[in-house]
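**Q** Read off the chains here:
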Amino acid sequence: MSPRLTLATARRVANQLRRDPRTVALMVLLPTMLIILFRYVLNSQRAFDAVIPSLLCIFPFNIMFVVTSVATLRERTTGTLERLMTLPIGKIDLLAGYALAFGLFGVIEVGVATTVCITWLGLSVQGSAALLVLIAVLDALLGMALGLFVSAFARTEFQAVQFMPLFAFPQVLLCGLFEPRDHMIGVLSGLSDIMPLSYAVDAIKMVTSSTQVSAELVRDMGVVFGCILIALLAGAATLPRRTP
Amino acid sequence: MPGAPARATAVAVSALRVVRGGREVLHGLNFAIPTGTVAGFIGPSGCGKSTLMRAIVGVQVLRGGTLTVLGVPAGSAALRRRVGYSTQFPAIYHDLTVTENLRYFAAVLGAPPADVDRVITEVSLEPHSEALASQLSGGQFTRASLAVALLGTPELLVLDEPTVGLDPVTREELWDLFHSLRVDRRVTLLITSHVMDEAARCETLLLMRDGRILMRGTPDDLRQNAGTTNLDDAFLRVIRDAERSRS
Chain A
1 MSPRLTLATA RRVANQLRRD PRTVALMVLL PTMLIILFRY VLNSQRAFDA
51 VIPSLLCIFP FNIMFVVTSV ATLRERTTGT LERLMTLPIG KIDLLAGYAL
101 AFGLFGVIEV GVATTVCITW LGLSVQGSAA LLVLIAVLDA LLGMALGLFV
151 SAFARTEFQA VQFMPLFAFP QVLLCGLFEP RDHMIGVLSG LSDIMPLSYA
201 VDAIKMVTSS TQVSAELVRD MGVVFGCILI ALLAGAATLP RRTP
Chain V
1 MPGAPARATA VAVSALRVVR GGREVLHGLN FAIPTGTVAG FIGPSGCGKS
51 TLMRAIVGVQ VLRGGTLTVL GVPAGSAALR RRVGYSTQFP AIYHDLTVTE
101 NLRYFAAVLG APPADVDRVI TEVSLEPHSE ALASQLSGGQ FTRASLAVAL
151 LGTPELLVLD EPTVGLDPVT REELWDLFHS LRVDRRVTLL ITSHVMDEAA
201 RCETLLLMRD GRILMRGTPD DLRQNAGTTN LDDAFLRVIR DAERSRS
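Chains A and V, in that order, are what the protein sequence lines are. The first sequence maps to residues 1 to 244 in this note's numbering. The second sequence maps to residues 1 to 247 in this note's numbering.
Just so you know, the hints here were simulated from the structure itself, not pulled from any lab data. Heads up, some of the hints might be wrong.
[What the hints assert, rightly or not] Capping the alpha-carbon separation at 25 Å, the derived lysine to aspartate or glutamate pairs in DMTMM-like fashion look like this: (1) A/LYS205 x A/ASP49; (2) A/LYS205 x A/ASP193; (3) A/LYS91 x V/ASP220; (4) A/LYS205 x A/GLU216; (5) A/LYS91 x V/GLU155.
If you're wondering where the values come from, they're calculated on a predicted model, not measured in any experiment.
Bound-form chain A, shown alone (with noise of 0.2 Å):
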């Protein structure tokens, strides 16, 4: 592992990124967009209060998967990740390249979403605002890291973007958003449990709730950040040097 390539690549990723302001654009603001569409929707401070703080995990979550997910897709098929991969870089080097430089969008997408929250749309932070932003932060990189990872399995756009719906939704609809994890049948549960979503949704919640940064809390951290890092070491085992 190399910082020098590692920021050398972000760099780089960074530039392409600047190149498609559209692109940027909607990574950064549809999150907002879409949680104030569901404030009003929802039309009820109550019910979007007990709401909000999964919103802030999801939507950024599903909007990094998808970009992250499409972006080494475009590097594997036009032919530039066979050229790197002949190149003097480890594979660790270019997904944390990636990561970097996706993780600092991902930082100003939460931070906007988050101060529209606080100031606009009534969210009530009990325990500390920068943790908050800290776990947000957090998933959204958990959502590039399985992005990077699972798009090593498919072979063509189409198949990149159904992984969304494939690899993310289940985690959204058992995440306890609709229906508290814990009153979930068993088999339900028990797949809430194994999903890296759950525990983003849950820190998140506690730290809207609750002065204390309870070990719960710590835990559930430890196991979001645990995941990044499988996921962003198994994207770089499943991306192979020689292909058949």
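Once you have looked at the hints, place chain V on chain A.
**A** Chain V in isolation, oriented as in the chain A frame:
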């Protein structure tokens, strides 16, 4: 020549077999290329040239045989600074400028920043160095991709159809560049083409068809063997002879 030092081998291939999509596309190739040679792999589309190049740079899964590049097995990490590779379909980032592309690949290689300007000059892209790759013409795009392979100090250049679709002037300039790399820096070049007039510029030719090497020799050998001065005719003759001996 007695007393002359034996030329080292840049690429040694033995019993190389590759299967793609369930079909064997290279059927046990054997050949060696001495250091400091411009070797042309000539053959029709689909004869396995690109697969062979992919195998030499170490990105192709092999079914059998051995492949030694600059003294170590193909694909070794140690080769990643010593081999320059230009893919058949230009592989650069469409949404970056020529300079940005080259700066990134130079950083990956650890090549000095001045290399970027050098290779831009070598492929005559100075007027377009700040253009986005997606806005380049086909020939410029090919050259930008070729420039990446020239970064650093590669000892072996694997160039898959580097001159396809280029105008005659640029093609001439690139061939001059290839030969000067060989003479000045003792670079070995493996160049594929399906155009016979490129073959005349190589020192050694390997004629390929259906995943086999039909003939190997200098352009003069080929002309003499076939009893014609036209390389196209000579190649057709070699193919016909090979088919006759097989049936």
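**Q** Hint by hint, say whether it matches the structure.
**A** Here is what the structure says about each hint:
1. Pair hint A/LYS205 plus A/ASP49 holds up; C-alpha atoms about 10 Å apart against a cutoff of 25 Å.
2. Between the alpha carbons of A/LYS205 and A/ASP193 the distance comes to roughly 16 Å, so the proposed pair stays at or under 25 Å and holds.
3. For the suggested pair A/LYS91 and V/ASP220, the alpha carbons sit about 46 Å apart, so the restraint of at most 25 Å is broken.
4. Annotation: proposed proximity of A/LYS205 to A/GLU216 holds, straight-line Cα distance about 12 Å (limit 25 Å).
5. Proposed proximity of A/LYS91 and V/GLU155 is supported: the alpha carbons are some 24 Å apart, at most 25 Å.
Of the hints listed earlier, the one the structure fails to meet is number 3.
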